[in-house]
Structures are given as structure tokens and as C-alpha cells.
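Sequence order for the protein chains is A and B. With my numbering applied, the first sequence closes on residue 332, and no number is skipped along the way. With my numbering applied, the second sequence closes on residue 506, and no number is skipped along the way.
There may be inaccurate statements among the hints.
[To be verified] FRET-style restraints, in silico, Cβ to Cβ: (1) B:VAL447 - A:LEU227: 38 to 48 Å; (2) A:ALA137 - B:ASN424: 17 to 27 Å; (3) A:ARG198 - B:LEU415: 36 to 46 Å; (4) B:ARG467 - A:LEU219: 46 to 56 Å; (5) B:LEU415 - A:LEU244: 35 to 45 Å; (6) B:TYR457 - A:ASP153: 30 to 40 Å.
Honestly, the hints are just simulated from the structure, not real lab data. We put the beta carbon where it would ideally sit given N, CA and C, even for glycine.
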Amino acid sequence: MAFLDWLEHTSLSTTLRDSPNVFLYPTILAFHTLGLAFFVGISSAIALRVLGVAPGLTLAPFRKFYPLMWFGFFLNAVSGTLLLVIEPTKFLTMVDFYVKLLAIAGAVLCNRLLYVRHFKNPAPVDPNPLPLRDRAVAVATLFFWAAAITAGRLTAYDDPHAQWQTALGTAIVTAALVVGGFVSIKGWRVVVHGSVS
Amino acid sequence: MEAFLRYWMRWPSVEHLIYRYLWVWGVCQSLHFVGMALLIGTVGILDLRLLGMAKQFPVAAIKKLIPWGVFGFVLCLATGLLFITGIYANVNIHPYVVLKSDVFLQLKLFFVVLAGVNLLLFYVTGMSKAVDRLEAGEEAPPLAKFFAGASLFLWIAVMYFARLIPSGKFQP
Chain A
136 MAFLDWLEHT SLSTTLRDSP NVFLYPTILA FHTLGLAFFV GISSAIALRV
186 LGVAPGLTLA PFRKFYPLMW FGFFLNAVSG TLLLVIEPTK FLTMVDFYVK
236 LLAIAGAVLC NRLLYVRHFK NPAPVDPNPL PLRDRAVAVA TLFFWAAAIT
286 AGRLTAYDDP HAQWQTALGT AIVTAALVVG GFVSIKGWRV VVHGSVS
Chain B
335 MEAFLRYWMR WPSVEHLIYR YLWVWGVCQS LHFVGMALLI GTVGILDLRL
385 LGMAKQFPVA AIKKLIPWGV FGFVLCLATG LLFITGIYAN VNIHPYVVLK
435 SDVFLQLKLF FVVLAGVNLL LFYVTGMSKA VDRLEAGEEA PPLAKFFAGA
485 SLFLWIAVMY FARLIPSGKF QP
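Please take these sequences and the hints and turn them into a complete structure.
Have a look at this one:
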């Protein structure tokens, strides 16, 4: 804890924390959001494609988006480290923060699995649908991202009770949206095409 | 006009929902970020394709991703309206005052409107139809590239200013 205390009182930490300049703390926070949008956004789009959305897209050209995705990750690693320097004790003594890091690690690992299996050396013809195993990895990717975003948002709360309630609320609302969306899409297809396929 | 806005912007039922349940605000925050990621992931890929990245993608096929971006936008719109109309429950300041005094909120909304105008022009100039015919490897027309670049720029501006909103000066 002595180390965290020291870190929290370095001039870098106090300047970034206490300055009213919007180009310091608020802008670091904004870059953390921009990195998230590109990293999570592109990763989620790839996961959706693996799950069968936009089947007309061959997998190979997605490789071009990986550098941008990893640039988003880089932005977040840098801005995240700075945010950690600003409030080291708060984050490193909070269980929720470690949940967030684990969720990000899970999402990165799933990304990597899909990349190695389908994007690194793409098959001349993509299997359609993709193997169940890969679709399961894509679902896990989306789950880990939702968990990482929620856990990230929850670091704004000091009260563990509020964190638990919000986490549970998010899980319930997300499950309702996913199930509701799935049923409506299937229902729509039955009405329009007269079949579930 | 002020009385009208003051009444309708502080939509009482939303405010009470936030007072009553501890989790409403946080759940909406998470969904706002999820919606943002869906919007940027799908629309961003389309914009980048039009600008020349991953030209092997036929444009019409990418557009099948767009409903997920629209869903993301709807999530952001619904939760965003809740943040504005219910802000009194969170910071004890009337939403009308926040809207009038927070320059970052104003800038964010301004860029959202510009992004909407940009999208509208993309349709009415016929560019949306024109790019649908682009097969793998084909280059988008310059005007379509302009709209795609503008779209990326505007959404990045929206996200940037949005994150500054809590640092804006509220004058209660």
C-alpha cells in the first residue's frame, strides 16, 4: 500500500487528478472511450460475422481491420494506465476492477482464437455456417465485452452494493434484449418467409 | 418556450425511476457504451471500406451489418434521453439548466445532428444506392468517400465531447 500511496502523490498523479484543464483528465477518459469504440466495435462486428450476420462477407478482408482494432487496444492500454496512475488505490483495491481486467483478457483470448483459426491463413472458401466451436467463441467474445464494459462502468461507484445491483440489472436487461431480439427476428422470418430457417 | 422545455425535459416518471431503483442509471450507462460500440463497429467498417480499406468487401454485403449499428444507435438514443430527462435525480440540477450551460453536451448534440444530416445527404445524393453496386475491389466515388470520412470524423467528435459532458460547467 505504501507504493500505491507514493504513486498517488507523484506530481504526475496529482496534476492529472486535480487540474481543471479539460485536455488532461477528461481527455484521457475520452480517449479511453474512443479506443473502446474501435476495439470492441470491430471485434464485435467480426464476432457477429462469425455468428452468421452478413454471410456475403468473406472472412479474409477482415484482416485489414485488425491493426485498427489493436490500435484501439493500444489507446486503451495507455489511457487506462494513466487513469490507474490518477487513482491507484481506488482501482487496485476494488474487486470489480479485476473482474474488468479478466473480462478484457477473456475477450482478447477469444479474438486471438478466431484470428488464428480463420483470419491468419484464411481458407479459400469459408465454411458456411462456421463450425459450432467458432460460433461459441464468438458468443463468448460478445459476452466478455459486455462484461468488460459493465465492470468498467461500475468502477465509477464506490459502494459494492450499488455495483452488485447494477451488474445484476445489466445482466437481466441484456438477457431480455437478447432473448426478445432473437424471438422477434425468428418471428419476423416466420411471418415474412413462412419458415424459421 | 422555456416553461415548455422546463416542464417536458424534467420528465417526472423517468426521474422517479432513477430515484426508486439504484441500478437504473448504471444499467443505462452500460447499454449506452454497448450501443456505441455496435454503432462504431458496423458503421465504421462501412465507412472505412468506402474510403478504400478492405476493398475486397462488396459494399452491399457490408450493409447487412448496419441493422446492428441502427440497433446500437437506438440503444444510445433511448438511454441518452433518459440521462438528459432524468439528470435531476443524479446531480440535482434541472435538465434545462444543464442543456443551456454545458457546452460539451451542446457540442455533442450538435455533432449528432451533423452526423444525421450527413447520413441524409448520403441518401438524397444517390450515393447510398451507387455504392450498393460496388463489387469486390471497386473504388467508391469521391463524393461517397467524402460522406464516409465525414461520418467517421463526426462520430469520433460525438464520442469525444460526450465524455467531457461531466466536466462541463453547470450553473444551477
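Subject >> Hints violated by the structure (numbers, ascending) >> reply: Hint check: 2 and 6 fail, others pass.
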